[in-house]
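**Q** Here are the chains, one letter per residue:
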Amino acid sequence: MQTRMDRILFGDNQFFGINHASEEKARVQAMRFRDSKAIMKVLDDAYDLGIKTFMCTTHDVIEDICAFVRENPRRYEGFKFYPGMPYAHKYANAVTEDGILGALKRFTSGNVFGTVLKGGEALITQDVTKLMRLLVDAEMKMFQGLSTEVIFLQNVLVDLLLGLGMKKVFIEYAKYVKERYRAEPGFITMNMPRLLDVLEECGIENPIICSSINKSGFRMSGGIEAYEKALNDRRFRPIAMSVMASGAISPDDAIRYVCGFKKIESIVFGASSKSHIAQSKELIAKYSS
Amino acid sequence: MVRAGIIGLGKMGISHLAILNAHPGVKVVGACDTSTFVTGCMEKVSDLAFYSDYKKMLKECEPDCVMVVTPTSSHAKILEDCLEQGTHVFVEKPFCLSRTEGESLVALAEKKNVVNQVGYHNKFIGTFSKVKELLDKKALGDLYAIHGEAYGPVVLRAKGSTWRSQKNEGGGCLHDYTSHVVDLMNYYVGMPAKVGGTILKKVFSNDVEDAVYSSLFYKSGIAGQLSVNWSESSYRKMSTTITLQGTKGKIVADRQELRIFLNEKNAGLGLEAGWTIYNITELTPPVWFYLRGEEYSFQIDYFVNCVSGGKKPGINSFRSALDTDQVIDMLTQDAN
Numbered sequence: 042m043q044t045r046m047d048r049i050l051f052g053d054n055q056f057f058g059i060n061h062a063s064e065e066k067a068r069v070q071a072m073r074f075r076d077s078k079a080i081m082k083v084l085d086d087a088y089d090l091g092i093k094t095f096m097c098t099t100h101d102v103i104e105d106i107c108a109f110v111r112e113n114p115r116r117y118e119g120f121k122f123y124p125g126m127p128y129a130h131k132y133a134n135a136v137t138e139d140g141i142l143g144a145l146k147r148f149t150s151g152n153v154f155g156t157v158l159k160g161g162e163a164l165i166t167q168d169v170t171k172l173m174r175l176l177v178d179a180e181m182k183m184f185q186g187l188s189t190e191v192i193f194l195q196n197v198l199v200d201l202l203l204g205l206g207m208k209k210v211f212i213e214y215a216k217y218v219k220e221r222y223r224a225e226p227g228f229i230t231m232n233m234p235r236l237l238d239v240l241e242e243c244g245i246e247n248p249i250i251c252s253s254i255n256k257s258g259f260r261m262s263g264g265i266e267a268y269e270k271a272l273n274d275r276r277f278r279p280i281a282m283s284v285m286a287s288g289a290i291s292p293d294d295a296i297r298y299v300c301g302f303k304k305i306e307s308i309v310f311g312a313s314s315k316s317h318i319a320q321s322k323e324l325i326a327k328y329s330s
Numbered sequence: 007m008v009r010a011g012i013i014g015l016g017k018m019g020i021s022h023l024a025i026l027n028a029h030p031g032v033k034v035v036g037a038c039d040t041s042t043f044v045t046g047c048m049e050k051v052s053d054l055a056f057y058s059d060y061k062k063m064l065k066e067c068e069p070d071c072v073m074v075v076t077p078t079s080s081h082a083k084i085l086e087d088c089l090e091q092g093t094h095v096f097v098e099k100p101f102c103l104s105r106t107e108g109e110s111l112v113a114l115a116e117k118k119n120v121v122n123q124v125g126y127h128n129k130f131i132g133t134f135s136k137v138k139e140l141l142d143k144k145a146l147g148d149l150y151a152i153h154g155e156a157y158g159p160v161v162l163r164a165k166g167s168t169w170r171s172q173k174n175e176g177g178g179c180l181h182d183y184t185s186h187v188v189d190l191m192n193y194y195v196g197m198p199a200k201v202g203g204t205i206l207k208k209v210f211s212n213d214v215e216d217a218v219y220s221s222l223f224y225k226s227g228i229a230g231q232l233s234v235n236w237s238e239s240s241y242r243k244m245s246t247t248i249t250l251q252g253t254k255g256k257i258v259a260d261r262q263e264l265r266i267f268l269n270e271k272n273a274g275l276g277l278e279a280g281w282t283i284y285n286i287t288e289l290t291p292p293v294w295f296y297l298r299g300e301e302y303s304f305q306i307d308y309f310v311n312c313v314s315g316g317k318k319p320g321i322n323s324f325r326s327a328l329d330t331d332q333v334i335d336m337l338t339q340d341a342n
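Protein chains in written order, with the working numbering: chain L, 42 to 330; chain B, 7 to 342.
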């Protein structure tokens with residue numbers, strides 16, 4: 042049975058100084074959300090407005106958020122996390138510092154060994170499925186005891202695997218998330234039509250795919266026509282992100298466009314003030330009926 | 007169909023391979039890395055042919071073109087072998103560590119009449135290519151100053167055990183990071199005649215510099231400033247900014263925005279006096295496959311089109327990359 046997703050999901054780009062259209066705006070926001078208390082305040086605002094699903098990365102500060110929600114179950118009844126892994130910069134920086142093997146050792150607490158050579162030196166396993174499971178477990182540790190009904194792979198990894206044609210990893214990931222975490226696998230991508238074809242070939246049915254869907258074609262690679270065709274004709278569970286193209290489209294225009302596609306189940310957006318959250322929520326309700 | 011190979015499957019190599027493999031006009035015939043861990047893992051989940059010896063790959067696969075994505079110190083030898091076989095080549099930046107090697111490769115590429123391209127991807131970013139367009143149309147009048155900056159959180163502590171932390175491997179902020187900025191500045195205003203006051207500053211690293219500061223002097227009279235620091239933890243990722251001042255106004259450009267200030271209206275360009283901001287979203291056409299940035303796809307598409315169309319690249323040739331290497335040498339010598 043498939044998990045029902047809320048209409049509105051709350052994103053976390055604004056907490057980490059990510060604004061794809063403006064570095065200045067990103068910097069101002071990064072200053073504001075230096076500590077988890079400031080982030081929690083915004084999540085409280087969203088929760089009080091009825092937005093209870095937080096679609097987040099596995100950045101270190103999210104660990105604090107998880108702890109807070111875990112320690113206050115009554116206050117945050119019904120609060121859900123939709124984790125997205127991995128937080129790519131963490132790994133990219135580690136690879137730059139320590140190389141691939143060093144980075145793997147760092148993030149999997151040394152569980153990565155396979156064959157032990159005669160001299161006692163252990164080789165890191167090349168069993169990709171095993172490595173994937175270890176990394177997923179490491180990323181999921183912070184969410185123990187919390188609701189994680191959908192677990193996403195971030196777009197950098199999804200699109201890397203997509204380009205490389207590594208279908209087996211998608212298949213094993215989907216299987217592991219269902220078996221180990223009783224969750225649905227989700228896929229974030231900048232190449233939705235192409236990913237849809239490949240997931241179908243992998244036998245991953247009716248997949249949850251989160252991708253940029255907006256009026257201006259921003260980060261919709263494959264072209265806006267291909268996206269619209271997929272949204273009208275194909276069988277999958279789309280979540281729309283970057284609906285305002287990082288500020289290039291007005292909220293009203295943006296949301297009207299996205300809500301025009303009946304297949305889109307959920308919309309993820311980030312905001313940092315209660316009034317902006319409320320405004321987006323009202324617009325989504327207005328155009329969703 | 008262009009038959010392509012790739013040598014080097016580190017962070018950039020894997021990323022380039024994904025884009026190359028997704029290109030509708032390309033068949034990847036071989037992928038090579040000296041790390042048997044990497045090739046061993048990838049072999050288990052991919053149908054591509056993997057090698058650990060690039061010479062074997064070149065011989066067995068005979069690709070039309072190759073992307074070389076290895077540490078800088080190995081570029082010259084690998085490129086030479088590829089060129090001898092008449093293979094079109096794309097190499098990651100910076101080009102080479104020695105001018106002699108660079109000159110010899112430029113000559114060999116010309117002799118073999120093959121496509122040669124270097125991975126200075128900034129020229130494929132909408133804002134930075136728009137700057138070139140505005141300068142070519144003399145939007146700022148006579149230029150008198152340029153400031154090139156880049157900051158990022160690459161090296162944030164003393165420990166470092168890869169090639170990027172070793173000078174003789176081409177590691178360090180100057181070769182690895184500053185090369186991007188210098189190349190862009192050359193693109194806009196040409197090479198400097200000399201440099202002065204160069205400081206190669208160690209912040210956390212032992213063997214290499216983490217920051218580069220210098221003044222650049224141009225024959226045209228333009229005053230140049232360079233400030234690059236890869237130990238900047240206040241940045242989430244690499245942030246490059248170029249500022250140009252001219253008699254008619256100023257341009258400030260980064261990968262998200264191009265801001266142009268004009269003293270007076272320019273009807274020819276359709277720009278009012280004061281500030282106009284171009285956002286990257288309006289300057290970037292859609293791309294067939296996206297991974298980490300449209301510019302990576304555009305530069306590979308450009309390379310593949312040159313190979314299949316029998317054209318030489320108008321930008322990012324070995325020759326232009328050699329000019330960038332030369333400025334890097336000037337900075338090194340001035341600092342010492």
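Just to be clear, a hint being listed does not mean it is correct.
To be verified - SDA-like cross-link-like pairs, simulated, lysine to any residue; straight-line CA separation at most 20 Å:
1) B:Lys17 with B:Glu68
2) B:Lys243 with L:Ala129
3) L:Lys93 with L:Val177
4) B:Lys17 with L:Leu142
5) L:Lys209 with B:Met48
6) B:Lys50 with L:Ile141
7) B:Lys50 with L:Val169
8) L:Lys208 with B:Val51
9) B:Lys33 with L:Leu201
10) L:Lys208 with L:Lys256
11) L:Lys146 with B:Ala55
12) L:Lys256 with B:Lys33
13) L:Lys209 with B:Tyr308
14) B:Lys17 with L:Glu112
15) B:Lys225 with B:Gly202
16) B:Lys50 with L:His130
17) B:Lys17 with L:Leu172
18) B:Lys50 with L:Leu172
19) B:Lys50 with L:Val239
20) B:Lys17 with L:Val239
21) B:Lys50 with L:Leu176
22) L:Lys256 with B:Met336
23) B:Lys17 with L:Leu187
24) B:Lys17 with L:Lys256
25) B:Lys17 with L:Glu242
26) L:Lys121 with L:Leu142
27) B:Lys243 with L:Lys208
28) L:Lys256 with B:Thr45
29) B:Lys33 with B:Tyr308
30) L:Lys131 with B:Lys243
31) B:Lys173 with L:Tyr88
32) L:Lys208 with B:Thr45
33) B:Lys243 with L:Gly140
34) L:Lys131 with B:Glu238
35) L:Lys256 with B:Pro292
36) L:Lys131 with B:Arg298
37) B:Lys50 with L:Leu201
38) L:Lys146 with B:Cys47
39) L:Lys208 with B:Gly202
40) L:Lys208 with B:Arg163
Bear in mind the hints are in silico, worked out from the structure with no lab data behind them.
Nothing here was measured: the structure is a model prediction, and the numbers come from that model.
**Q** Hint by hint, note whether the structure agrees.
**A** Each hint, compared with the structure:
Taken as a hint, the Lys17 of chain B and Glu68 of chain B pair is broken in the structure, with Cα atoms around 25 Å apart against an allowance of 20 Å. With a C-alpha separation of about 11 Å, the suggested pair Lys243 of chain B and Ala129 of chain L falls inside the 20 Å cut-off, and the hint holds. Proposed proximity of Lys93 of chain L and Val177 of chain L is contradicted: the alpha carbons are some 24 Å apart, above 20 Å. Our distance criterion of 20 Å between C-alpha atoms is met by Lys17 of chain B and Leu142 of chain L, whose separation comes to about 12 Å.
The straight-line distance between the Cα atoms of Lys209 of chain L and Met48 of chain B is roughly 11 Å, inside the 20 Å bound, and the hint therefore holds. The straight-line distance between the Cα atoms of Lys50 of chain B and Ile141 of chain L is roughly 17 Å, inside the 20 Å bound, and the hint therefore holds. Between Lys50 of chain B and Val169 of chain L the CA atoms are separated by roughly 7 Å; this keeps the pair inside 20 Å, and the hint holds. Simply put, Lys208 of chain L and Val51 of chain B have alpha-carbon atoms about 7 Å apart, close enough for the 20 Å limit, and the pair holds.
At roughly 17 Å between alpha-carbon atoms, Lys33 of chain B and Leu201 of chain L fall within 20 Å of each other, so this suggested pair holds. Straight-line distance between C-alpha atoms of Lys208 of chain L and Lys256 of chain L comes to about 31 Å, which puts the hinted pair past the 20 Å bound. Between the alpha carbons of Lys146 of chain L and Ala55 of chain B the distance comes to roughly 27 Å, so the proposed pair goes past 20 Å and is violated. For a cut-off of 20 Å, the pair hint linking Lys256 of chain L to Lys33 of chain B is broken: about 34 Å separates their Cα positions.
Proposed proximity of Lys209 of chain L and Tyr308 of chain B is contradicted: the alpha carbons are some 31 Å apart, above 20 Å. Distance restraint check for Lys17 of chain B and Glu112 of chain L: the Cα-Cα separation of roughly 39 Å exceeds the 20 Å cut-off, and the hinted pair is therefore not satisfied. About 14 Å separates the Cα atoms of Lys225 of chain B and Gly202 of chain B, which keeps this hinted pair within 20 Å; it holds. Restraint check: the Cα-Cα separation between Lys50 of chain B and His130 of chain L comes to about 26 Å, which exceeds 20 Å; the hinted pair is violated.
Pair hint Lys17 of chain B plus Leu172 of chain L holds up; C-alpha atoms about 18 Å apart against a cutoff of 20 Å. The straight-line distance between the Cα atoms of Lys50 of chain B and Leu172 of chain L is roughly 12 Å, inside the 20 Å bound, and the hint therefore holds. About 18 Å separates the Cα atoms of Lys50 of chain B and Val239 of chain L, which keeps this hinted pair within 20 Å; it holds. For the proposed pair Lys17 of chain B and Val239 of chain L, the alpha carbon gap of about 24 Å is over 20 Å, so the pair is violated.
Between Lys50 of chain B and Leu176 of chain L the CA atoms are separated by roughly 18 Å; this keeps the pair inside 20 Å, and the hint holds. For the suggested pair Lys256 of chain L and Met336 of chain B, the alpha carbons sit about 48 Å apart, so the restraint of at most 20 Å is broken. Proposed proximity of Lys17 of chain B and Leu187 of chain L is contradicted: the alpha carbons are some 33 Å apart, above 20 Å. Distance restraint check for Lys17 of chain B and Lys256 of chain L: the Cα-Cα separation of roughly 33 Å exceeds the 20 Å cut-off, and the hinted pair is therefore not satisfied.
Note on Lys17 of chain B and Glu242 of chain L: the hinted pairing is violated, with a Cα-Cα distance of about 27 Å set against a maximum of 20 Å. About 34 Å separates the Cα atoms of Lys121 of chain L and Leu142 of chain L, which puts this hinted pair outside 20 Å; it is violated. Under the criterion of a C-alpha separation no larger than 20 Å, the hint pairing Lys243 of chain B with Lys208 of chain L is inconsistent with the structure, at around 29 Å. Of the supplied pair hints, the one linking Lys256 of chain L and Thr45 of chain B is violated, its CA atoms being roughly 41 Å apart against a limit of 20 Å.
Distance hint between Lys33 of chain B and Tyr308 of chain B is fulfilled; the C-alpha atoms sit about 16 Å from each other, no more than 20 Å. Between Lys131 of chain L and Lys243 of chain B the alpha-carbon distance is near 11 Å, which keeps this suggested pair within the 20 Å criterion. Pair hint Lys173 of chain B plus Tyr88 of chain L does not hold up; C-alpha atoms about 52 Å apart against a cutoff of 20 Å. A distance of roughly 17 Å separates the Cα atoms of Lys208 of chain L and Thr45 of chain B; the hinted pair therefore holds under the 20 Å criterion.
With a C-alpha separation of about 18 Å, the suggested pair Lys243 of chain B and Gly140 of chain L falls inside the 20 Å cut-off, and the hint holds. The hinted pair formed by Lys131 of chain L and Glu238 of chain B meets the criterion: a straight-line CA distance of about 15 Å does not exceed 20 Å. Restraint check for Lys256 of chain L and Pro292 of chain B: the C-alpha separation of about 13 Å stays at or below 20 Å, so the hint holds. Note on Lys131 of chain L and Arg298 of chain B: the hinted pairing holds, with a Cα-Cα distance of about 15 Å set against a maximum of 20 Å.
With a C-alpha separation of about 16 Å, the suggested pair Lys50 of chain B and Leu201 of chain L falls inside the 20 Å cut-off, and the hint holds. At roughly 16 Å between alpha-carbon atoms, Lys146 of chain L and Cys47 of chain B fall within 20 Å of each other, so this suggested pair holds. At most 20 Å may separate the alpha-carbon atoms for a hinted pair to count; Lys208 of chain L and Gly202 of chain B exceed this at roughly 53 Å. With a C-alpha separation of about 37 Å, the suggested pair Lys208 of chain L and Arg163 of chain B falls outside the 20 Å cut-off, and the hint is violated.
Violated hints for the displayed structure, listed by number in ascending order: 1, 3, 10, 11, 12, 13, 14, 16, 20, 22, 23, 24, 25, 26, 27, 28, 31, 39 and 40.
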